[in-house]
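Sequences listed follow chains A and B, in order. Per the working numbering, residue 1 is the first one in the first sequence, and the count goes up by one each step. Per the working numbering, residue 1 is the first one in the second sequence, and the count goes up by one each step.
No incorrect hints appear here.
Below, simulated DMTMM-like cross-link-like pairs (lysine to aspartate or glutamate); rule was C-alpha separation at most 20 Å, straight line:
1. K65(B) <-> D273(B)
2. K56(B) <-> D273(B)
3. K255(A) <-> D163(A)
4. K5(B) <-> D208(A)
5. K56(B) <-> D38(B)
6. K5(B) <-> E203(A)
7. K65(B) <-> D163(B)
8. K5(B) <-> D132(A)
9. K65(B) <-> D256(B)
Hints listed in this document are in silico derivations from the structure and should not be mistaken for laboratory results. These numbers were taken from a predicted model, which means no experiment stands behind them.
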Amino acid sequence: MKTTDTPPAGLGKTGLPAQRTTGVPGGAAKAKESKSEGTVLNVFSHGMLILWAFMVVLPLVWAVMTSFKTDADIFNSPWALPDTLHFENWSRAWSQAHMSDYFLNTIVVVGGSLAGTLLFGSMAAYVLARFDFPGNRFIYYLFVGGMSFPVMLALVPLFYVLDNTGLLNTIHGLILVYIAYSLPFTVFFLTAFFRTLPTSIAEAAMIDGASHTRTFFQVMLPMAKPGLISVGIFNFLGQWNQYMLPTVLNTDPDKRVLSQGLVELATSQGYKGDWSGLFAGLVMAMLPVLAAYIVFQRQVVAGLTAGALK
Amino acid sequence: MQHGKYRFILGFLAIPLALYAVFVIWPFVQSIYYSFTDWTGLSPDFQMVGFDNYTKMFEDDIFWKSLWHSVLLALLLPLVTLGLALFFAFMINVGGRRRRGAAIQGVRGSGFYKIAYFVPQVLSIAIVAILFQFAFDPAQGMINGLLRSAGVEGDSLPNWLGDPQLALWCIVAVLVWCTVGFFVVLFSAGMASIPRDFYEAALLDGASRITTFFRITLPLLWDTVQSGWVYMGILALGAEAFAVVHIMSVGPGGPDYATTVLPLYVYQAAFRDGQAAYATTIGVALLVVTLAFAAVVMRVGRRERLEF
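Build out the structure end to end from the sequences listed, making use of the hints.
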């Protein structure tokens, strides 16, 4: 770090005191100046922080307000508070707009693919992290390379692969695809995590006669729990919020997931003018994730940022 | 230890690797092959046509528009998002007024800001896009509602997504809105690990907050900023940009192709126009752009790693 006002070397001893006496008033004036500059900066930066907080919260508040208003109210005054809470918007969205079906489909798809991702991801990561065998590095980079490829490129042929195998527009087909596309990050993250775990406990288990498989399920997996939670939260949010994969690969109206259903609702309701029903659906879809975020705030933040810090 | 080792390795790798090969690797390889054919996707018959699809692509105006928008997003989004996030994170963690007891600390309410800013990150990109599609509505939307109460009337109210001049900027704004909070939290974690003495030493030497930021915070945070840059670029060229443009923009991709991006054009060529082979050609262009972007960022951003 460079200091700001180092006196030039080689000055005579007599030069120093003189400089110091003239230096003091100048320094004080400078300090005063920077203080007022600091105040301006303070007001500006606080203003920016508050402004951004408003910009984040305002659209969400507007959505919640709109979901309780009648359509006439929405069109006349977008910012007025609802006169009474119109809960019928919510029940209309839940039953007539099939939000209940979309929720159910999403829970099945995400539940299945999350379990599969964690199981297969940790199996592959454990082997890649702990065993030496020819091709280990190659397989690892094959998985990790998948993180930076544009998924859209693969989706065109994948559509026809699924069509030919009868997996297109099926829930289990979608689950398999979700698992496959979640593997790169999961393997990358868990391989790094398994490497940090001590080897001695696994060796002790082996000496006691446990097989490799048993060591993995009964010793290593419980030890890897913090890593599994992080990568699980990451995958849960990614799969719950997935839009591109189901849009291309799951076009059957009965099997739509939440994000697809809402987009469908937006396109159809937008023309009909039923904004209140649509916004009730939107808020309904936001609530579980938001509630989970507020409750598990620390874990969610850790889970989502853990990968990027590695 | 050696007993049954290879059987175990094979048993554990077989299923994950098979899934990955069938659903990810194989389609990638196929798509590059298909880009040299005249496959429509509708019938199983096709022939090799050499570089015909590539010549067609280079003469296609819509392709150039999509490419330009994608490149613009990949350059602009990281700049705006990371810039804003660095500013907010610095204010939240280091920018506070000097109070008694601690020389360096964040502004008041820093915990609240971090929680609030992160919220868009947990929302589905589809939900965010729908929300803003309606917020940008010229007649009943929230944004023109605010403008109206500020006194803007009639024709001077912008048409946002319907205006070819403005539509792409609306897309950029929504993507920035979604992503800033994540990086504020990420950079905050990075800043928390920078030793306090560095700041205190700089303060004693009379450094202003701006100097402190550029001379201490940014250099020590550089690795995180760089990986954030790659992450944002991939996002701008990938699924998030597709979702926002596909849901929000008129058409989608309009008005007058003002917002179309490469992934959207791949999707439309394959599933709307029945030109699967041509779609994979555009996809290959997208792959080239993505890899080039990552390579450039890694090369330009390379610096000596600072240990502390």
